[in-house]
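Visitor: Here's the letter readout for the chains.
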Amino acid sequence: MPLTLEIALTHIRERLRQTVLSVLGVMTGVGFAVAMAALMQGSQEDFIRRIIDATPHITVRDDFRAVPWQPADAVYGTSAVGLSSVKPKEELRGIRNPQPKLALLAALPGVAVAPTLRGPVVLRFGGRDVAVSLLGIEPKAEVRVSKLAHDIREGSLNDLYTTANGIIIGSGLARKLGAGLGDSVSLSSSAGTIRLAKVVAIVHSGVVAIDDATAYARLKVVQVLLDRPNVINEIRLRLDDVNGARALAQRIERRLGYRTESWEEINENVLEVFQIRNIIIYTVVGGILVVAAFGIFNIVSTIVFEKTRDIAILKSLGFTEADVRAIFVSEGFLIGSFGTALGWGLGYALCRLLGSIEIKVGTFAEQTGLPVTYDWRHYAIAAACALTAAGLAGYLPARRAGRLDPVAIIRGAA
Amino acid sequence: MTEPSFVTAEGVHRVLPGPVPVTLVREIALSIGAGEFVVVTGPSGSGKSSLLYLLGLLDRPTQGEILIEGRPTRALSRDAAAALRLASIGFVFQFHFLLPEFSALENVMLPMRRLGTLEGAAMETRGRDLLATLEMADYADRRPDQLSGGQRQRVAIARALANAPKLVLADEPTGNLDSRNAEQVFAILAGLAKAGRAVVAVTHNLDLAAMASRQITLLDGRIVEDVRTH
Ligand SMILES: Nc1ncnc2c1ncn2[C@@H]1O[C@H](COP(=O)(O)OP(=O)(O)OP(=O)(O)O)[C@@H](O)[C@H]1O
Ligand SMILES: [Mg+2]
Chain A
7 MPLTLEIALT HIRERLRQTV LSVLGVMTGV GFAVAMAALM QGSQEDFIRR
57 IIDATPHITV RDDFRAVPWQ PADAVYGTSA VGLSSVKPKE ELRGIRNPQP
107 KLALLAALPG VAVAPTLRGP VVLRFGGRDV AVSLLGIEPK AEVRVSKLAH
157 DIREGSLNDL YTTANGIIIG SGLARKLGAG LGDSVSLSSS AGTIRLAKVV
207 AIVHSGVVAI DDATAYARLK VVQVLLDRPN VINEIRLRLD DVNGARALAQ
257 RIERRLGYRT ESWEEINENV LEVFQIRNII IYTVVGGILV VAAFGIFNIV
307 STIVFEKTRD IAILKSLGFT EADVRAIFVS EGFLIGSFGT ALGWGLGYAL
357 CRLLGSIEIK VGTFAEQTGL PVTYDWRHYA IAAACALTAA GLAGYLPARR
407 AGRLDPVAII RGAA
Chain B
9 MTEPSFVTAE GVHRVLPGPV PVTLVREIAL SIGAGEFVVV TGPSGSGKSS
59 LLYLLGLLDR PTQGEILIEG RPTRALSRDA AAALRLASIG FVFQFHFLLP
109 EFSALENVML PMRRLGTLEG AAMETRGRDL LATLEMADYA DRRPDQLSGG
159 QRQRVAIARA LANAPKLVLA DEPTGNLDSR NAEQVFAILA GLAKAGRAVV
209 AVTHNLDLAA MASRQITLLD GRIVEDVRTH
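Which chain is which? The protein sequence lines are A and B, in order.
Add 6 to a position in the first sequence, counting from 1, and you land on the number used in our numbering.
Add 8 to a position in the second sequence, counting from 1, and you land on the number used in our numbering.
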């Protein structure tokens with residue numbers, strides 16, 4: 007063992023209690039850093055998995071990113087004449103005559119396509135009114151792009167074909183209305199149409215916002231209800247390769263002109279929230295490590311103070327400033343390393359614990375453990391941070407120790 | 009006289025800066041060769057310790073030059089001075105100054121381990137031999153707090169000799185010892201000089217001073233007497 011390390015060990019062994027406390031400080035910092043990172047990445051990956059699982063990978067909307075082209079532009083173009091207050095041509099939104107477009111998209115390799123007409127309706131049952139988003143779907147196409155069939159808890163998706171004016175409602179919605187399978191609910195749209203529909207299935211996606219305010223019916227039924235014959239306003243795509251979604255969405259948008267969003271784009275703000283959450287939690291963990299670093303700084307400073315005589319001896323024997331510095335920096339690193347090793351253990355244990363905690367979600371009382379991701383990089387990053395902090399906390403007093411004047415100390419001690 | 013000088017001081021002044029500058033030593037001109045046993049005496053505060061620190065490169069002159077084996081040391085970096093000290097100079101202080109966590113043998117081995125020219129086993133053999141010549145063989149594995157003052161001082165001397173330095177500097181090495189122990193320590197130092205080292209020891213004890221081959225007297229930081237006795 008290098009001599010400086012050996013001397014460092016004797017120093018920290020002598021102050022066992024304080025050393026143990028500092029080690030525990032580092033351990034806590036590293037342990038929580040690892041557990042938090044595992045939990046955050048876990049929940050983020052879980053969220054993305056759910057998104058990828060539950061929502062379309064690409065959505066084509068009846069909307070344009072740029073302001074629609076106006077006939078006045080054709081006349082004046084980008085000339086020196088500027089036209090303000092051009093009254094835009096009124097247009098009813100919607101993807102009209104969607105069949106060729108659907109066929110075009112369906113022909114892409116590794117792509118499943120389903121059309122949707124979505125509109126606001128009011129659902130009434132037993133005197134209660136609930137505003138919902140009604141989705142007109144093609145059950146056969148739907149099963150290929152969404153989990154809808156899989157999420158059905160009661161009834162069946164195919165009953166939409168067999169029941170005239172069948173409707174599927176979200177589990178939260180069913181609870182709010184008090185409606186169950188076979189009940190007749192009334193639907194009224196802003197177009198003034200009112201229809202009676204029969205609940206053929208109840209769906210539970212696990213996403214409260216969807217389960218509380220969404221209903222599904224056959225596309226044709228919804229087109230009639232909303233008075234938009236042969237119009238859809240959404241095409242949803244499911245891809246074999248999720249990661250290609252962004253690029254494909256851009257290609258489709260260039261081709262069709264409609265605003266086309268990938269799942270990443272749609273959930274961008276949620277992913278941003280994850281980033282902010284990461285920053286917050288890493289700040290807290292960083293704070294723990296700073297406190298641990300102060301502990302190390304404190305113990306190493308104390309040792310330097312107590313060992314001034316020894317420092318003078320070593321220098322009089324011919325040890326260099328760097329040798330003396332190395333002794334005290336090693337003390338910081340030793341504490342940091344012990345703390346890191348224990349912190350890894352603590353972090354792993356916390357991950358196991360968090361992963362095994364059962365939490366109840368929603369009315370169907372699903373049992374899920376907290377999502378935890380095990381990744382060696384969490385351990386490496388936590389260790390790097392802890393050791394850097396420990397090294398720095400040891401370096402400051404060590405530098406002072408290296409500069410101590412042995413003559414002054416020897417004189418003072420004599 | 010014919011011996012080449014190991015350490016030479018030329019016009020050395022050492023002034024502590026401050027609101028009231030303190031002159032520790034002044035106009036020191038001195039040359040000490042191998043085989044010399046020099047005793048430095050003088051009243052308290054006359055600058056004896058200060059002189060030793062300068063000769064051992066632990067302190068630096070404000071003016072003048074210290075030469076080691078003819079080479080000036082003013083321009084040496086602190087690390088280079090430390091390296092010279094490690095290989096060629098051994099210090100013994102009035103208080104033993106051993107590392108409390110290490111055994112006698114481990115203390116003696118410290119400079120050897122830092123120098124790193126010997127193997128582990130050879131270092132231990134040399135450490136035990138050194139302790140044996142100081143009649144400390146039986147105490148090699150004791151920690152300093154399990155040793156008497158005289159024993160600790162002998163361990164400190166053994167440690168000063170660890171790397172076979174050409175110059176041994178002892179600042180009142182017997183200050184804490186009874187007369188029998190003090191005499192033994194001086195006999196050891198005299199033996200070192202006979203063996204070809206340059207030895208400089210500070211003492212107030214004139215009986216012990218008589219054992220030296222040369223006696224330097226300081227007064228107020230100045231050499232007032234420098235006589236060779238034999
Ligand atoms: N840091 C300091 N500040 C002010 N004066 C100092 C300092 N260090 C030493 N001195 C003074 O310098 C002079 C020389 O000190 P030095 O220790 O060399 O004397 P000495 O001969 O070794 O004395 P002693 O026999 O008591 O050990 C003394 O007068 C002392 O008071
Ligand atoms: Mg003195």
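Any given hint could be a false lead.
Covered stretches of chain B, going by a simulated chain A footprint (3 or more residues, C-beta under 8 Å) [to be verified]:
#, region
1, 84-94
2, 108-118
Over the 10 Å line for every Cβ pair with chain A, so calculated as not near, a few chain B residues [as the list claims (entries may be wrong)]:
#, residue
3, 64
4, 70
5, 71
6, 121
7, 136
8, 172
9, 199
10, 203
11, 234
Simulated from the structure, these hints should not be mistaken for lab results.
Note that this is a predicted model, so its numbers are computed, not measured.
From the three backbone atoms N, C-alpha and C, an ideal C-beta is built for every residue, glycine too.
Visitor: Does residue 70/B sit more than 10 Å from chain A, CB to CB?
Guide: Given that every Cβ of chain A is farther than 10 Å from that of residue 70/B, nearest at about 13 Å, it holds.
Visitor: With d taken as the least Cβ-Cβ distance between residue 172/B and chain A, does d exceed 10 Å?
Guide: Consistent with the label, residue 172/B stays out of reach of chain A, its closest Cβ about 13 Å off (over 10 Å).
Visitor: Take a quick look at residue 136/B and tell me if its Cβ sits farther than 10 Å from every Cβ on chain A, holds or violated.
Guide: 19 Å, holds
Visitor: Measuring Cβ to Cβ, find out whether residue 121/B lies farther than 10 Å from everything in chain A.
Guide: Non-interface label fails for residue 121/B: nearest chain A Cβ at 5 Å, not farther than 10 Å.
Visitor: Would residue 64/B pass as off the interface with chain A, using Cβ distances and a cut of 10 Å?
Guide: 7 Å, violated
Visitor: Any Cβ of chain A at or closer than 10 Å to residue 234/B, or is the non-interface label fine?
Guide: 24 Å, holds
Visitor: Verify this label for me: residue 203/B is non-interface relative to chain A, using a Cβ-Cβ cutoff of 10 Å.
Guide: Residue 203/B is indeed farther than 10 Å from all Cβ atoms of chain A, at 21 Å.
Visitor: Count the residues of the region 84-94 of chain B whose CB lies closer than 8 Å to any CB of chain A, then report whether that count reaches three.
Guide: Answer holds; 7 residues pass the 8 Å Cβ test.
Visitor: Once the closest CB in chain A is found, is it more than 10 Å from residue 199/B?
Guide: For residue 199/B, whose nearest Cβ neighbour in chain A is about 22 Å away, the distance exceeds 10 Å, so it holds.
Visitor: Okay, the region 108-118 of chain B and chain A, do three or more residues pass the C-beta test at under 8 Å?
Guide: Since three or more residues must qualify, the claim that chain A covers the region 108-118 of chain B holds, with 4 doing so at under 8 Å.
Visitor: Measuring Cβ to Cβ, find out whether residue 71/B lies farther than 10 Å from everything in chain A.
Guide: Its Cβ never comes within 10 Å of chain A, the nearest being 17 Å, so this holds.
The structure fails hints 3 and 6 (numbered hints given earlier, in ascending order).
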